[in-house]
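Participant: Next come the chains, spelled out residue by residue.
Protein chains: 2
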Amino acid sequence: MKKLKYLVLTGVIISALASAVAQQTVRQKPLIIAEQGSFLVGGAKTTQPGSFVLTDALKPAGQTFHADHAYAFYQIPVKARKYPLVFLHGAGQSKKTWETTPDGREGFQNIFLRRGYSVYLLDQPRRGEAGKSAVPATITPTADEQFWFTQFRIGNYPEYFEGVQFPKDSASLEQFYRQMTPNTGSFDGNVIADAVSDLFDKIGGGILVTHSQGGGPGWTTAIKNDKVKAIVAYEPYSGFVFPKGELPEPIASAGLFGELKGVEIPLADFNRLAKVPIVVYYGDNIAKEPTKVWNKDHWRSGLEMARIWAATINKHGGDATVVHLPEIGIKGNTHFPFSDLNNMEIANLLSKWLKEKGLDK
Amino acid sequence: MKKLKYLVLTGVIISALASAVAQQTVRQKPLIIAEQGSFLVGGAKTTQPGSFVLTDALKPAGQTFHADHAYAFYQIPVKARKYPLVFLHGAGQSKKTWETTPDGREGFQNIFLRRGYSVYLLDQPRRGEAGKSAVPATITPTADEQFWFTQFRIGNYPEYFEGVQFPKDSASLEQFYRQMTPNTGSFDGNVIADAVSDLFDKIGGGILVTHSQGGGPGWTTAIKNDKVKAIVAYEPYSGFVFPKGELPEPIASAGLFGELKGVEIPLADFNRLAKVPIVVYYGDNIAKEPTKVWNKDHWRSGLEMARIWAATINKHGGDATVVHLPEIGIKGNTHFPFSDLNNMEIANLLSKWLKEKGLDK
Chain A
1 MKKLKYLVLT GVIISALASA VAQQTVRQKP LIIAEQGSFL VGGAKTTQPG
51 SFVLTDALKP AGQTFHADHA YAFYQIPVKA RKYPLVFLHG AGQSKKTWET
101 TPDGREGFQN IFLRRGYSVY LLDQPRRGEA GKSAVPATIT PTADEQFWFT
151 QFRIGNYPEY FEGVQFPKDS ASLEQFYRQM TPNTGSFDGN VIADAVSDLF
201 DKIGGGILVT HSQGGGPGWT TAIKNDKVKA IVAYEPYSGF VFPKGELPEP
251 IASAGLFGEL KGVEIPLADF NRLAKVPIVV YYGDNIAKEP TKVWNKDHWR
301 SGLEMARIWA ATINKHGGDA TVVHLPEIGI KGNTHFPFSD LNNMEIANLL
351 SKWLKEKGLD K
Chain B
1 MKKLKYLVLT GVIISALASA VAQQTVRQKP LIIAEQGSFL VGGAKTTQPG
51 SFVLTDALKP AGQTFHADHA YAFYQIPVKA RKYPLVFLHG AGQSKKTWET
101 TPDGREGFQN IFLRRGYSVY LLDQPRRGEA GKSAVPATIT PTADEQFWFT
151 QFRIGNYPEY FEGVQFPKDS ASLEQFYRQM TPNTGSFDGN VIADAVSDLF
201 DKIGGGILVT HSQGGGPGWT TAIKNDKVKA IVAYEPYSGF VFPKGELPEP
251 IASAGLFGEL KGVEIPLADF NRLAKVPIVV YYGDNIAKEP TKVWNKDHWR
301 SGLEMARIWA ATINKHGGDA TVVHLPEIGI KGNTHFPFSD LNNMEIANLL
351 SKWLKEKGLD K
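Residue numbers (full-length UniProt numbering), protein chains in the order written: chain A, 1 to 361; chain B, 1 to 361.
The reader is advised that the hints may include incorrect statements.
Identical copies go unnamed one by one, so any copy, or any two together, can satisfy a pair.
Straight-line Cα separation of at most 30 Å, DSS-like style, residue types lysine-lysine; simulated pairs [unchecked claim]:
no.	residue 1	residue 2
1	K79	K355
2	K29	K361
3	K261	K168
4	K29	K79
5	K79	K288
6	K229	K361
7	K29	K82
8	K45	K168
9	K224	K315
10	K292	K352
11	K229	K355
12	K45	K261
13	K261	K59
14	K244	K361
15	K59	K168
16	K288	K59
Derived from the structure by calculation, the hints contain no laboratory data.
So that you can see chain A by itself, here it is in the shape it has in the complex (with noise of 0.2 Å):
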């Protein structure tokens, strides 16, 4: 009972300090913004045979739709450093990923805003406002968030992995269920790729950020477009793209989603990727050999094939680095760096990144 109420008593004060913590988040100084708005971007348009006649205007002859668009909400601080960040999130998420965090602190686009960074926030096309698809879809209410917790390595649920950088509050993580949101047409990540390729030739040069399932097209971008200047990839798992004929074994792995393959494509669009500076960085609680835990050995597969990719991007002369951060002592990060509890470590890693790089001018 002493235990109860010493237990009950410590999580009083986890939330009075978690309370404290966003309220002076509240009192930084104000964010200076020389410019914001919304626009789509790329996307498709299909006419259907015929003649419109206004009349008839819920027949379809004639008409048009305009789908698989990106959906990009932009802001540029005053004196804004020269490349923006372009922040592509992961499945099942929407721009928000890189917003407010599930505990109610300032995400990546708060923080590096506050470094002069503009930041451009995607919806993906087929997700959040960005919602038009060129193919249809079928949407079914699905109990999976326990999964969830669990795949994104919070801890195995209903056990938190043991100094996980996430917060213990039931609010939090309602927060962060509730900010899933679903496909409106099914993944495909060239038709993604070609709308944020579409996105840097209106905006020009930028930084690349991409989470999770965002990093497969992420590389695509960059092969397709060399106003791509860098790549930041936070725990890519797929996609994975490798030059014909040096394509490596399957990865085995107990992840639910099974053994783990790259993707073969022509050496020439390989070489571009080893134009541009990548990081890749991925969080804790991913095992280091094989195990039955499905959710440490999914991630372990990833990271693996990560380091194969890395060493062959580097082999054919580019410059890209894998960080597992518990290796450089930072420990407890979910599949979710940057909108963890030492979100301001994990932006400063980056940020030292940028700069080593020069690519913070």
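Once you've looked at the hints, dock chain B against the given chain A.
Facilitator: Same frame as chain A, but now just chain B:
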């Protein structure tokens, strides 16, 4: 041929002027934002029977699903006025409605931030970044954009209305078409009102600004929650509520959705609408008398119903005003006055009303 050349040249000049206007917007004074962020609010949660089994994590047993929340992005300027503006979009739209206009000028988000109002931009439940829906949905690509061009009174496609306050370049029209985004679950006014009411509980008193289909959930929110201190509705069409026994006759219309009916509610609920100032705005090219021109007649029925509705509120001691913009000399507005070419004039009108009602402190 000469005439064609002239037209082309005029087009070029208009484009150049439009571009100059956009550029001018860019060179406005910076926005000074004390705080900005986003969150999910309201919604439901279901839990599947059984217990979650870690080793069988793709089975729904014991898993939860959070849905039917709204998404809110907010910005609070320094020295903010007391009451924020809470913006709720219309059918097929998202919060994008209130952001940059199709031709790249500032929308109500920026305009009212510059005037010292805090702004909350919502994606309603089952739309945009609030996509998790408690009910399933099928999304089908539907060629219907020439219908919407006409329904939203840009013109009778392919003709633009004479003097219409919508830009005539193709890039603007493309942005306009792409900013639509589908439902990820069926439209449910009560689900929306529940989430918006939860937002007001979280943020305290504020002014609710709705567009089109958002009108009905707007009245319901104000009935639920006395933290709604005023309602501003742009072109509401459906969901007009009347006290038991005072329901008007349906209004026949050549509009493609047929006759327009009011909705009966208890008098005690209705009377809450008599407690807050309400203003309703309609644009141009709405018929004065019944006509076979379906778009003009659709909105004629909406405007007529709005007038009966406002008179009923005022009869019960309320303060509701319907402004038909052409009657006060403001011509050419579409269904989207707040993003039309003259949206600064439309904003000025709203500022004046807020001041008159003492809502600008």
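Participant: Kindly indicate which numbered hints from before are broken by the structure, ordering the numbers from low to high.
Facilitator: 3, 5, 10, 12 and 14
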